[in-house]
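Chains as they are written, first to last, in my numbering: chain A, 1232 to 1502; chain B, 14 to 295.
Be aware that one or more of the hints could be misleading.
For lysine-lysine, the following DSS-like pairs were computed, each having C-alpha atoms within a straight-line distance of at most 27 Å [claimed, not checked]: (1) K213/B to K1415/A; (2) K1415/A to K1498/A; (3) K1498/A to K171/B; (4) K1488/A to K157/B.
The set of hints was computed from the structure by calculation and includes no laboratory data.
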Amino acid sequence: MTVTASPDTTAAASSASSTGLKFSGLQLRLMSIVGFFLAWEIAGHVPISPAFPTFSATIMALLEMVFDGSIFLAYFETLKPLALGVGISAFFGVAIGVSMGLNKKSRWLWEPIFVVLQASPVAALIPLITYAYGIGITAKTVAVIILASPIIVLNTYKAVGNASPVLVQMSRAFQGTRMQEIWKVIIPNAAPVIFAGLRLGVAAGFIGVILAELLITPTGIGDIISYNRSIAKYPHMYAAVLSIIVFSAVMVGLLEKAEVRYFRPEKKRGH
Amino acid sequence: MNSAVLEEVRSPMNKAIHMPLSDENTPTNPATDIVSVRGITKYYGEDVHALENVNLDFPTGQMTTLLGPSGCGKTTLLKIIAGLLETTSGEVLVKGKAVTSPGPERAFVFQDFALLPWATVTRNVAFGLELTGVPLKQREETAKSYIDKVGLSGFEDKYPHELSGGMRQRVGLARALAVDADVLLMDEPFSAVDEQNRRKFQEDLLRLLSVEKKTVIFVTHSIEEAVYVSDQIVLLSPRPGRIHSIIRPELDRSSSPDDIRRDKVYLDTVEEIWGNIREYLD
Chain A
1232 MTVTASPDTT AAASSASSTG LKFSGLQLRL MSIVGFFLAW EIAGHVPISP
1282 AFPTFSATIM ALLEMVFDGS IFLAYFETLK PLALGVGISA FFGVAIGVSM
1332 GLNKKSRWLW EPIFVVLQAS PVAALIPLIT YAYGIGITAK TVAVIILASP
1382 IIVLNTYKAV GNASPVLVQM SRAFQGTRMQ EIWKVIIPNA APVIFAGLRL
1432 GVAAGFIGVI LAELLITPTG IGDIISYNRS IAKYPHMYAA VLSIIVFSAV
1482 MVGLLEKAEV RYFRPEKKRG H
Chain B
14 MNSAVLEEVR SPMNKAIHMP LSDENTPTNP ATDIVSVRGI TKYYGEDVHA
64 LENVNLDFPT GQMTTLLGPS GCGKTTLLKI IAGLLETTSG EVLVKGKAVT
114 SPGPERAFVF QDFALLPWAT VTRNVAFGLE LTGVPLKQRE ETAKSYIDKV
164 GLSGFEDKYP HELSGGMRQR VGLARALAVD ADVLLMDEPF SAVDEQNRRK
214 FQEDLLRLLS VEKKTVIFVT HSIEEAVYVS DQIVLLSPRP GRIHSIIRPE
264 LDRSSSPDDI RRDKVYLDTV EEIWGNIREY LD
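For reference, chain B alone in the conformation it holds in the complex (with noise of 0.2 Å):
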């Protein structure tokens, strides 16, 4: 976290910290900071306003999350920082350097899977790798280690239409993990999966997250989920999207998911977020 130049601010309500939004006259620290976006605005077309003067600095190995009502830009802004969409005006800049397409340096993981259907786990897996031209055996070593790591051993020559949803995202966050991006960039990856499997999966996640020392930029619209992953919560306003506040739920990790859940920090974040959203939904 830029702890430096941001003051904090500790709310009497809960121990989740508020911090006041970075300017854009805020220099971005490359060692702190992994992604930065500087002044991002988004017009599609020239009626629909996505995202307006939007400044934020996602650190190094952290999980951040946007959330915000739907048509809040959240999945644009994303996409932007992914390059996958051109911004309108604003720079994302990753390692301290502007990018306007993907890179190495980003994995993308999809709400709604895209998956091959004609290919089989291990093709899926090893996709990103056989872009970048990695030869066969080595790229399908590395999809069999990540496969096992998210739990879908036993699977690797299963199709997509053999396996569940649950299931099929595991695949789409393996192959994100497989080409070894240092940022995991995830646009709402449970929404398709039921809500048992989405507890679990989310479990698994932070996890694994522990373990691979990734910068996680994760799209949610659901309030629950984004407390109980993040450890900044970015809250965007609705159409045109603009950042409404930024909270960082203080839990205590190292207890157990279900401990985290009835957390009275937990409890209290999720409240405060809501009292925000409820404001839009009037």
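The following block holds chain A by itself, in its conformation from the complex (with noise of 0.2 Å):
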């Protein structure tokens, strides 16, 4: 810098340098996005297999995609189990485990099956699946409830269960009924816990219909990914398993919105 800086730059150099190396949220997010990827890029040309393919190469392959139109069909047949799945799920896992944190005898019931869900490899009772429904829409519809409700109900049954003593007596003591405390109090009160255990069902029915559709019958996006490994086109193979870890994400992130909008507006102004 010259000596004879005009005061605009130097207001500029002693702002840049008060800040020093801070850096935003944002600025911090996209500097992790943007790392992990010329990792990724840096490791396809070392390279550390050749079936791994370069980001670039990547990308071009998710493009080709897009633009034939394939990645589209692929996905309408992988959402129809997943859909299906995790809607299932949501609507009976909340359902069942706001029954359980409420009722002794619910709890009884379905403990002991969500929990053995819970812990059982589902990968490996797929076979299973199949000799029981087929090899159809039904049977990866399946796949995706065994592995997104015990996340679901447990959640919303640990959240249900915990719900503050305090806001329940003081519904009480205002006279509300049972029905008034159980809607107004403990299940707004358990909406974050619920919420998180939708979140991680959802990314759990994404495993459970990529197992399906890769151990059951190639369709949709596990087809792409069978099909171009078995024809060593590795950056289609890498292309479709990054959109779903994207596709995935994106849902996750919208449920949190939804989450936030419509159940913890107090928490739209932050911390």
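Got two chains here, each in a separate frame; can you build the complex from them with the hints?
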């Protein structure tokens, strides 16, 4: 810098030095993503394995599948069992979890089933599902439900079971009925943990549907992955994997937005 | 006060009036005592004996404090009066009728505020009205007027986590006032509020109650607070809680808060109660 710097540039320089190495949250998040892609690109060039494509080749393959429309057709296939399975798991999972949190008998009835389901290696159960439900959409939906529902049920149950006793007492002191207590106090109070369970459940549902598409019959995204692997078009295979990760992350993010919007308005202003 | 049936004894030490304990056969007088408890005994499980045969009258329009060392069952007694806890034996009479559950004539102010974190100040204040089915517009108007009265104007759309402890308890107080109950039950309302705000809050509470004409049953472990705010102080013994004595500090309420806190009667009453409580601590 010259000695005769204009006031503008000195001001800019001093503000830059005063901020030092501080970055905003958004900048740090972008840096994390860019850093990951950069590492991927370099690793692809090393190369780690001939079957490991670079980031740029993967993106090119993804764009190719976007333009020829094949990836949209694949998603359409994959989303059917996924949406069905996640929808069923969310609806019945939350309902069963709430009833377990409120009622001892319901807890005794359901807890063993879901604890065992959560602990079991589901990939090993998939052949069993195929015997029972064949190779169609039913089997894939069941695979999604088996993976997603225990997380949703058990989180909801824990959240409802641990509802703030002080708030429940407050509702009773102001003559709230049992129904008002449940709908106006217990469920909103449990909402953050229920939604955490739903987010994890949706993520588990993605695992379930991809497992089903790889292990039962190749359709949708699972088909793109296994087909391109078999013909050694690795960029296309990785493009499908990348797209499903991004898609899953976006769905989970949207769910979080919905939660804050409808159940946790106080979080909008941040802590 | 039920003075017709109670013999008054004037202590030579100070001007506070001591009353003999009302015995079980004392008839209650709903005209002067809005709440009465008769023979309340409470066990938690089989081992914990919280209260033993408590008989008390709460005069209409007065502030009665339940005071005692921790574990003496004062909050238990308050929650039994509120209908939030069941008694092992005995009964609670409100306006002469036995009650076992919460009712519209009683409102509760909680020690730890018990505000809904996901609701604004307005919705929290209106929550009692929401539960009893008052239409939205009407209950928001009522809430607004009580928010003003407790000094929270401008905070209507804030959430509890955006308020200080003292402000949160003002929300709790406004919620209890909004349902327009005759009896306010306050469970150590200032214990989670810092000392400066606590004094200010006590003064505001007295001013507000002089306008609102409520009967207040107030639980505290602070002797100074009890003497400062109360018309009648019920001193409870440690577990199982029994009535040790009933004290009526005769303070000149028309003088300023600072003068009251320097008043000889105030200071003597505090000392006397401390002398009584100290026996239990040794």
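Against the structure, the hints:
1. K213/B to K1415/A: 33 Å, violated
2. K1415/A to K1498/A: 18 Å, holds
3. K1498/A to K171/B: The hint holds at about 11 Å.
4. K1488/A to K157/B: Given that 27 Å is the threshold and the Cα spacing comes to 30 Å, the pair is violated.
Against the hints set out earlier in the document, violations occur for numbers 1 and 4.
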